[in-house]
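Protein chains in written order, with numbering that gives the first Met the number 0: chain A, 0 to 236; chain B, 0 to 263.
There could be a bad hint or two in this list.
[Said to hold, decoys possible] Derived pair list, reagent style DSBU-like, types lysine-lysine, alpha-carbon separation capped at 30 Å:
#, chain 1, residue 1, chain 2, residue 2
1, A, Lys123, B, Lys40
2, A, Lys100, B, Lys161
3, A, Lys67, A, Lys100
4, B, Lys181, A, Lys123
5, A, Lys67, A, Lys101
6, B, Lys161, A, Lys101
7, A, Lys101, A, Lys123
8, A, Lys123, B, Lys161
9, A, Lys67, B, Lys8
10, A, Lys101, B, Lys181
11, B, Lys161, A, Lys146
12, B, Lys181, B, Lys161
In case anyone wonders, no lab produced these hints; they're calculated from the structure.
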Amino acid sequence: MVIHNLSKHYMVDGESLMVLSDFSLEVEQDAITALVGPSGCGKTTLLRLIGGLESIDSGYIELNDQEKGPMSYLFQEPRLLPWDSVLTNVELVLRESIPTKKERIQRAMEFISLVGLEEYASFKPDQLSGGMRQRVAIARAFAFPAKIMLLDEPFQSLDSLLRWSLVQAFITLWEKNKRTVLYITHDVQEAFLMADRVVKLSHRPMRVLKEYPIMMSRSERSLRDPQFAELFSQFYQ
Amino acid sequence: MPRSTLATKVVVVLSLLLLLGVWHIGSLVLDAQVILPTPSKTFSAFITLLQYKPLSVNLLTTVGRALKSFLIIVTVGSVLGIIAGYKPLFSAALQPLLVMCKAIPVMSIILLAFIWFSSGTVPLFSAFLMGFPVMFVQVEEGVRLISEDLSEMSHMYHFSQKDRIMHLIIPSLTPSLITGAKASLSMVWKVVIAAEVLTVPRYGVGSRMQLAQINLETAEVLAWTLIAILLTALGDVLFIAMLQLPKRFRELKTKHFERVHGHS
Numbered sequence: 000m001v002i003h004n005l006s007k008h009y010m011v012d013g014e015s016l017m018v019l020s021d022f023s024l025e026v027e028q029d030a031i032t033a034l035v036g037p038s039g040c041g042k043t044t045l046l047r048l049i050g051g052l053e054s055i056d057s058g059y060i061e062l063n064d065q066e067k068g069p070m071s072y073l074f075q076e077p078r079l080l081p082w083d084s085v086l087t088n089v090e091l092v093l094r095e096s097i098p099t100k101k102e103r104i105q106r107a108m109e110f111i112s113l114v115g116l117e118e119y120a121s122f123k124p125d126q127l128s129g130g131m132r133q134r135v136a137i138a139r140a141f142a143f144p145a146k147i148m149l150l151d152e153p154f155q156s157l158d159s160l161l162r163w164s165l166v167q168a169f170i171t172l173w174e175k176n177k178r179t180v181l182y183i184t185h186d187v188q189e190a191f192l193m194a195d196r197v198v199k200l201s202h203r204p205m206r207v208l209k210e211y212p213i214m215m216s217r218s219e220r221s222l223r224d225p226q227f228a229e230l231f232s233q234f235y236q
Numbered sequence: 000m001p002r003s004t005l006a007t008k009v010v011v012v013l014s015l016l017l018l019l020g021v022w023h024i025g026s027l028v029l030d031a032q033v034i035l036p037t038p039s040k041t042f043s044a045f046i047t048l049l050q051y052k053p054l055s056v057n058l059l060t061t062v063g064r065a066l067k068s069f070l071i072i073v074t075v076g077s078v079l080g081i082i083a084g085y086k087p088l089f090s091a092a093l094q095p096l097l098v099m100c101k102a103i104p105v106m107s108i109i110l111l112a113f114i115w116f117s118s119g120t121v122p123l124f125s126a127f128l129m130g131f132p133v134m135f136v137q138v139e140e141g142v143r144l145i146s147e148d149l150s151e152m153s154h155m156y157h158f159s160q161k162d163r164i165m166h167l168i169i170p171s172l173t174p175s176l177i178t179g180a181k182a183s184l185s186m187v188w189k190v191v192i193a194a195e196v197l198t199v200p201r202y203g204v205g206s207r208m209q210l211a212q213i214n215l216e217t218a219e220v221l222a223w224t225l226i227a228i229l230l231t232a233l234g235d236v237l238f239i240a241m242l243q244l245p246k247r248f249r250e251l252k253t254k255h256f257e258r259v260h261g262h263s
């Protein structure tokens with residue numbers, strides 16, 4: 000995916016606010032790219048433009064043939080249907096791609112099991128904890144036959160321990176089922192532990208300040224590893 | 000609503016007894032059965048009514064009118080309310096009609112309707128004009144309250160139109176539909192009976208009330224009133240029971256799921 004000269008403005012109280020202007024970025028296929036930047040720099044807007052949730056003022060997004068098609072979006076909130084069970088919440092996103100109900104339920108259950116919630120398939124979202132709800136959202140995002148996944152700080156609202164277990168769950172699912180992932184966060188550590196490439200962004204107007212490719216395998220990454228610590232510390236220079 | 004404890008139940012019963020006591024003493028003081036019959040006289044008139052043959056015809060005709068107008072109100076109010084919730088221009092176009100419906104006194108609607116329609120149609124027409132705005136406003140507001148976040152999610156994950164309606168719009172609107180339906184149902188009873196009183200169609204609780212009033216059968220007027228109250232209460236009870244059905248059904252489904260998937 001290549002982002003070419005994207006611009007977007009909003010009208011706030013009759014004044015035009017330029018959120019993105021001429022922003023360009025190349026995103027590697029089937030890899031995790033983390034975008035790290037200060038709050039309010041326009042990361043979320045960028046993700047919403049890519050996902051088609053907002054209209055683009057100018058510029059365009061180029062997708063190669065393998066990347067074309069629907070996209071998954073992991074929002075900051077789980078955004079589950081509160082009146083439907085965990086199973087139905089996941090099964091609904093498979094309706095377009097799998098016509099037979101039995102197969103669909105089986106497939107949905109596979110993803111629910113992968114995030115460790117098979118026992119809770121018949122539960123309603125409000126019977127689950129916040130972390131469990133976000134797990135359901137992850138299962139749903141992976142169940143959806145998307146080539147590109149957009150993550151808008153989906154772990155942000157959780158405490159650090161829970162957060163880490165969700166990052167692990169996400170990585171496990173992704174390793175089994177690689178797609179192009181564009182992940183925005185302001186947590187540098189999380190970005191370095193998760194991504195194949197970390198992109199450092201500036202304040203508005205958002206620009207790419209520096210890119211950090213990470214060659215180490217995810218299992219070797221540890222804050223105690225000197226090589227990794229070195230890489231990590233470069234970010235703050 | 001306060002929780003129904005033994006204490007609240009006792010208070011309700013005592014308050015009811017107090018009302019009956021005031022009524023009884025009042026009628027003894029007035030000492031004129033034409034103006035205010037005693038509760039026991041009213042009750043025996045009520046029993047006589049229950050044994051009286053055409054009761055069921057009158058009752059069923061009124062219930063039929065109320066149900067018919069209720070169904071029309073719920074259907075038209077929901078459909079137009081949903082459209083108005085999504086289309087501001089449509090909502091604006093309906094505003095004058097709504098303001099009019101809310102401002103016109105019930106009695107002038109009934110009197111005008113009686114000039115235009117036959118006496119059997121007047122209760123339906125009047126009930127519709129009175130109940131429709133209540134339903135409409137609730138549903139329209141309900142549409143505005145549908146979560147923007149969930150809507151976005153449903154588009155992102157390519158929900159079909161049918162799934163969007165079944166899994167997002169209808170469940171989101173359910174509370175508004177229930178509130179609107181409940182409010183218009185209790186309104187419908189009152190308007191239908193009022194219209195019957197004024198237009199006196201051949202059958203109907205209101206027609207009987209009117210006849211009893213002309214004959215100065217005050218106890219019978221009160222007995223018919225008691226029937227009207229019971230009808231409203233029964234309507235409420237049936238309505239609430241109906242709402243419990245899907246919940247019961249869901250519980251059964253969950254139990255079934257747990258049996259099949261071996262979760263206890």
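Report task. Enumerate the violated hints, using their earlier numbering and listing them in ascending order. Result -> 1, 9 and 10
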